[in-house]
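Please model the entire structure based on the sequences and the hints provided.
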Amino acid sequence: MRIFNKKILGLVISIFFIGLIIYQIDIKKSLESFNDINLMLFPLIIPIYYLAFLIRAFRWKVVLSHNSELQISSLISSLFIGFMANNFLPARMGEFYRAHIFGKKEDIKRGKVFASIVVERIFDGSVLFLILLGLIIFLYSKPWLFKLAFAVGIVFIGSFISLFIFSKLRRSKTIQESSKLALLKSFLINYSKKLPNNVQKSVFYVTDKINYLLCSFLDGLDIFHSPKQLLNSALLTVLIWLCEGTVAFIVIKSFGIQVGFLSAIFVICVTAFSTMIPSGPASIGPYQWGYILALGIFSITKETAFAVSILNQFVCILLIAFAGLFFIWKDHINVRELETSINLAEPEKVI
Numbered sequence: 000m001r002i003f004n005k006k007i008l009g010l011v012i013s014i015f016f017i018g019l020i021i022y023q024i025d026i027k028k029s030l031e032s033f034n035d036i037n038l039m040l041f042p043l044i045i046p047i048y049y050l051a052f053l054i055r056a057f058r059w060k061v062v063l064s065h066n067s068e069l070q071i072s073s074l075i076s077s078l079f080i081g082f083m084a085n086n087f088l089p090a091r092m093g094e095f096y097r098a099h100i101f102g103k104k105e106d107i108k109r110g111k112v113f114a115s116i117v118v119e120r121i122f123d124g125s126v127l128f129l130i131l132l133g134l135i136i137f138l139y140s141k142p143w144l145f146k147l148a149f150a151v152g153i154v155f156i157g158s159f160i161s162l163f164i165f166s167k168l169r170r171s172k173t174i175q176e177s178s179k180l181a182l183l184k185s186f187l188i189n190y191s192k193k194l195p196n197n198v199q200k201s202v203f204y205v206t207d208k209i210n211y212l213l214c215s216f217l218d219g220l221d222i223f224h225s226p227k228q229l230l231n232s233a234l235l236t237v238l239i240w241l242c243e244g245t246v247a248f249i250v251i252k253s254f255g256i257q258v259g260f261l262s263a264i265f266v267i268c269v270t271a272f273s274t275m276i277p278s279g280p281a282s283i284g285p286y287q288w289g290y291i292l293a294l295g296i297f298s299i300t301k302e303t304a305f306a307v308s309i310l311n312q313f314v315c316i317l318l319i320a321f322a323g324l325f326f327i328w329k330d331h332i333n334v335r336e337l338e339t340s341i342n343l344a345e346p347e348k349v350i
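Each residue of the sequence shown is one higher than the last, beginning at 0 in numbering that gives the first Met the number 0.
Since the hints were made in silico from the structure, they are not lab data. For glycine and all other residues, C-beta sits at the position ideal for the given N, C-alpha and C. Treat the hints loosely; a few may be bogus.
Stated by the list, open to error - Calculated cross-link-like contacts (lysine-lysine; reagent style BS3-like; alpha-carbon spacing at most 30 Å):
1. Lys-329 <-> Lys-103
2. Lys-329 <-> Lys-104
3. Lys-28 <-> Lys-141
Claimed, not checked - Beta-carbon label-pair distances, calculated as ranges:
4. Phe-325 <-> Ser-161: 33 to 39 Å
5. Asp-106 <-> Gln-257: 50 to 56 Å
6. Gly-255 <-> Lys-227: 29 to 35 Å
7. Phe-260 <-> Pro-226: 28 to 34 Å
This is how it looks when you write it as structure tokens:
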């Protein structure tokens with residue numbers, strides 16, 4: 000029921016943004032914008048976009064630095080399948096599927112894998128924030144942009160600092176013992192003795208589940224103990240978004256719009272942060288809204304910006320779907336698993 004409610008809420012938000020955009024633009028003019036597309040540029044997108052995913056795979060391996068034996072092919076397979084799921088499911092639920100599939104394939108605790116994905120997202124947000132802040136200060140000084148940068152800075156830099164502190168808890172013996180819920184579990188066990196047997200079993204299951212999730216999540220934060228790995232992850236993140244910005248630059252230029260490369264990077268920053276808004280599959284709606292806001296800085300009409308956003312998103316979805324389906328076939332993954340993998344595995348014994 001909860002997943003169903005998330006899907007409905009996401010669809011409602013996407014419909015709201017699309018409705019708002021359509022109300023403000025002339026759809027006919029947007030459609031006419033497609034007449035001027037230079038398709039000769041599009042073959043360049045394929046290797047650049049897939050290169051971004053290859054770099055993502057290397058970054059993920061760095062984040063999971065203590066598992067140096069991990070194969071890049073396994074990492075990139077799970078990446079594409081998870082991103083493909085994100086494009087067809089709301090609220091970035093594909094991240095859970097990615098954690099489940101990769102954890103099962105490599106026999107790693109799901110909470111540990113999910114923690115690495117959270118770290119990745121925080122790296123993405125933090126690096127994009129710093130890039131956006133630099134562009135705003137030196138090139139695109141607008142009051143609303145400073146407000147946007149301030150908001151995302153609080154979220155991502157704050158999250159980075161919080162995870163850094165949280166990661167230190169694993170190395171503290173006192174905190175480590177409390178992370179195993181020793182005190183809470185003891186209290187619940189004593190209290191549950193007064194309850195029926197079936198209720199006692201439920202209490203034990205819940206405490207074991209929380210214990211498993213918390214400890215395995217903390218295990219996934221080992222990168223914060225290595226400054227070198229943190230720096231490597233940050234540099235790889237910059238390369239990822241340079242590739243993403245290059246794709247956006249090619250798509251924008253294909254419409255005959257005269258903007259520079261830094262302008263395309265600015266567009267991808269604003270668009271990426273707009274997709275933080277909970278929405279339907281592929282962040283449809285907020286993605287277009289962010290694109291329109293960003294290109295509006297360069298006096299590009301909403302109609303043209305909407306058309307560019309549609310094409311950019313379509314190309315990315317298509318390339319991800321092609322690769323995702325290939326890896327589903329290659330790895331012999333049952334598609335039904337993508338429907339059930341949202342449920343975390345049974346609690347494992349945590350050493």
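Results for each hint:
1. Lys-329 <-> Lys-103: Given pair Lys-329, Lys-103 holds - Cα atoms ~16 Å apart, limit 30 Å.
2. Lys-329 <-> Lys-104: 13 Å, holds
3. Lys-28 <-> Lys-141: 28 Å, holds
4. Phe-325 <-> Ser-161: 33 to 39 Å: 37 Å, holds
5. Asp-106 <-> Gln-257: 50 to 56 Å: At roughly 52 Å between Cβ atoms, Gln-257 and Asp-106 fall inside 50 to 56 Å, so the hint holds.
6. Gly-255 <-> Lys-227: 29 to 35 Å: Since the Cβ atoms of Gly-255 and Lys-227 sit about 45 Å apart, the hinted range of 29 to 35 Å is violated.
7. Phe-260 <-> Pro-226: 28 to 34 Å: About 31 Å separates the Cβ atoms of Phe-260 and Pro-226, which means 28 to 34 Å holds.
Hint check: a violation occurs at hint 6 only; the rest are consistent with the structure.
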